[in-house]
Amino acid sequence: MSEPETQLKTVPLDAGHVALGGRMVPFGGYSLPVQYPSGIMAEHKWTREHAGLFDVSHMGPSFLTLTNPTGDAEAGHAAVAELVEPLVCGDIKGLKPGQVRYTLMLNESGGAIDDLMIGRSPLFPGSLYIVVNAGTKDNDFALIAKAAGDKAKLTRADDGALLALQGPEAVAVLDTIVPGVADLSFMTYAPFDWNGSKLIIARSGYTGEDGCEILCSVEKAVQLWDALLADERVKPIGLGARDSLRLEAGLPLYGHDLDETVSPTEAGLNFAVSKRRREAADFPGAARIIKEFAGDLARIRVGLFVEGAPAREGADILDESGAVVGRVTSGGFAPSLARAIALGFVPPAYAAPGTKLQVSVRGRLQPAEVTATPFVPHRYHRKPKA
Amino acid sequence: MTTKFSPDHEYIRVEGSTGIVGITNYAQEALGDIVFVELPAVGKVLRKGDEAAVVESVKAASEIYAPVAGTVTEVNEELSGNPGLINTDPTATGWIYKIAINNPSELDDLLDDAAYADLTK
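Same order as they appear, the protein sequences are chains A and B. Heads up: the first sequence is residues 125 to 510, going by my numbering. Heads up: the second sequence is residues -10 to 110, going by my numbering.
Simulated from the structure, these hints should not be mistaken for lab results. Treat each hint with caution, since some may be false.
Claimed, not checked - Here are a few chain A residues that sit away from chain B, every Cβ distance over 10 Å (derived from the structure):
no. : residue
1   : 159
2   : 165
3   : 168
4   : 215
5   : 296
6   : 355
7   : 446
8   : 447
9   : 496
10  : 506
What the hints assert, rightly or not - Derived lysine to any residue pairs resembling SDA-like cross-links, with alpha carbons at most 20 Å apart:
no. : chain 1 : residue 1 : chain 2 : residue 2
11  : A       : 169       : B       : 72
12  : A       : 169       : A       : 463
13  : A       : 169       : B       : 73
14  : B       : 110       : A       : 161
All residues carry an ideal CB built from backbone N, CA and C; glycine is no exception.
Next comes chain A alone, as it looks inside the complex (with noise of 0.2 Å):
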């Protein structure tokens, strides 16, 4: 938080947060708002109740699409798809039109460079939607784009407007202003018309709700956030509930619980590694990672329940002898649950929900367990499987 605001970016609906209360703040390079006047409590319960409204500009929302497309859906997937998986760990060439799948970026050794989503265009055989972090979409896209080489073109989209509507309110909200969205399911998106424009809306999110992602061309930025903050279901939420929720949903936050230094595995997302590749061993860190499948894994991330006063990043994770065994990588208080949470990495030997240790807040020992996250329910709207 020390950037300095000469050189902030500011988001396409920089004057409506002002002019709504919102206290804004560096994050990302960007001047966005933590919270608005009801405060991140109302504004986190809020979300978990009804909808909330979320400004997520700063990401970096992009297509990659083939230079010369052949026009055959799959052939033109496969062909794209096969430019990105090597930066990837995730089945790029498996996602079906319109699927969208959570994966990382990897270096050599398996460490984390980002953390993404990639979607297959529902409607353009070769072309890919790919939604990296702020903090580190100049270094992605440079890698994305260098991967492509002359075989496609990465088209960036973040000087539009990335909104985010959570809850459990929230694609009923959305259905009324943009009929059709209610069909999509979790984890797939579609482009949809809007007032003479396109809106690309992805049923997704990081706050463990049921909820889209919507991007939206500046032009439409403002007319959209009214047309959705019109409904009384639907209130503004700062990027300070954005982080509780992400927390309670036991989600790993890009430069907090997630670096260069930590893999997939030792991240708790082995979902995140398909089976295609992992039987291929074709992903950057196959070696390390494919070892640590094996459970070979010097740490692993755990959520746990802490007693007392919160635990944030940096704090050390003890066990019950006294002993250093870990380090607290995002921790705070839970609205939800009217506690302290934390993410942190252990060795595996005290990752077992249950297991009791320490973490040292300020000097001070207070105890701590182990728990399964996430720490509050996901409520995605999964289709039955048939």
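Using the hints, position chain B against chain A.
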């Protein structure tokens, strides 16, 4: 009875030789929802500027410093179960600790109402 303010947004309400310390309305607004308060131990001897307590919001921990030197005589145990009192009533029921003031002349270095209002304009 006078109330003085530190530039760090603590207030001290002076009643005889005792000061009642908390954070100002401006400070609680800036911190947002308070979820935890770490109180000092009764009997703790504080120098001016020492960390006396910690107030935690959802987002972050903030140290509360001693505006003057003295000994902690009482702490607001209500805050353990209801830290939100600091948000709803910072200068009355949301007080944090009481201090036996060592050297009343230190109060002269603090801000009065007008100077504090100026600071937070």
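Original post:
Honestly, which of those hints from before does the structure not fit?
Top reply: The structure conflicts with hints 1, 2, 3, although it agrees with all the remaining ones.
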